[in-house]
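Trainee: Line by line, the protein sequences give chains A and B.
The letter at position 10 of the first sequence is residue 10 when you use the numbering used here, and the numbering goes up by one with no holes.
In short: position in the second sequence from 1, add 134, done, that's the numbering used here.
Since the hints were derived computationally from the structure, they do not count as laboratory data.
Keep in mind it's a predicted model, so treat the numbers as computed, not measured.
Ideal placement from N, C-alpha and C gives every residue a C-beta, glycine not left out.
Hints should not be assumed to be uniformly reliable.
[To be verified] Partial list, computed: chain B residues near chain A (C-beta under 8 Å):
(1) Thr-163
(2) Ser-166
(3) Ser-169
(4) Tyr-172
(5) Ser-175
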Amino acid sequence: MKKIKQQAIYLGAMLLVGITMVVIAYTGELNSMMAGMGTALVTVCAINLIRLRNIAKDPQRVRQMEIAQHEERNIYISNLAAKAAMVTTIGLEYVVTLVMVFLQKDEIASALGFLVCGQLLIYVFFSKYYSKKY
Amino acid sequence: MKNNIAQLRKEGHITQEELANAVGVSRQTIISLESGRYTASLPLAFRLANYFGTTIENIFVYEEEEK
Numbered sequence: 001m002k003k004i005k006q007q008a009i010y011l012g013a014m015l016l017v018g019i020t021m022v023v024i025a026y027t028g029e030l031n032s033m034m035a036g037m038g039t040a041l042v043t044v045c046a047i048n049l050i051r052l053r054n055i056a057k058d059p060q061r062v063r064q065m066e067i068a069q070h071e072e073r074n075i076y077i078s079n080l081a082a083k084a085a086m087v088t089t090i091g092l093e094y095v096v097t098l099v100m101v102f103l104q105k106d107e108i109a110s111a112l113g114f115l116v117c118g119q120l121l122i123y124v125f126f127s128k129y130y131s132k133k134y
Numbered sequence: 135m136k137n138n139i140a141q142l143r144k145e146g147h148i149t150q151e152e153l154a155n156a157v158g159v160s161r162q163t164i165i166s167l168e169s170g171r172y173t174a175s176l177p178l179a180f181r182l183a184n185y186f187g188t189t190i191e192n193i194f195v196y197e198e199e200e201k
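Start from the sequences and build out the full structure, keeping to the hints where you can.
Mentor: Now the structure itself:
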């Protein structure tokens with residue numbers, strides 16, 4: 001139940017941010033991008049708040065949700081997905097960097113190259129950190 | 135890693151849902167464990183052993199991977 005309350009507070013805060021964005025977008029000079037993002041944020045937060053309210057009414061669903069959040073298989077799947085996403089992203093960035101070099105778009109190639117190097121350095125940093133920790 | 139979870143569960147006339155609730159996981163995890171697609175962590179292995187009133191060795195069968 002504690003987790004549901006935390007999620008509700010977070011969603012409520014995001015809902016307020018969304019409403020603020022919509023109000024700012026429509027009161028000043030109309031900013032379609034801000035209006036779109038605000039509307040999307042309000043919609044997503046409102047739907048999730050309604051879903052949370054429905055779950056909170058049913059103790060069985062609350063228990064299932066709590067199990068799902070702490071369950072080791074879900075955490076394992078999440079870690080695998082994060083690892084796959086990171087490897088795919090770095091691989092794609094590397095390929096695009098090479099394409100940009102080939103197309104003589106040096107600035108984009110340099111920026112992407114630095115990004116790839118940065119990600120690899122961050123990986124090495126955390127790898128060393130966890131190696132010492134465990 | 136093979137396991138005897140399905141066998142022990144059937145011997146005790148326990149449903150996957152009941153076992154899942156007892157050891158604090160989802161039914162999907164029990165399905166994955168029984169089919170061998172997922173290997174339990176040590177804490178979950180202990181919870182399963184406690185639940186069935188047996189040892190971890192009686193539930194999980196370690197097999198060396200072929201080289």
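Trainee: Taking the earlier hints as the rules, which of them does this structure contradict?
Mentor: Violated hint (a single one): 3; every other hint is consistent with the structure.
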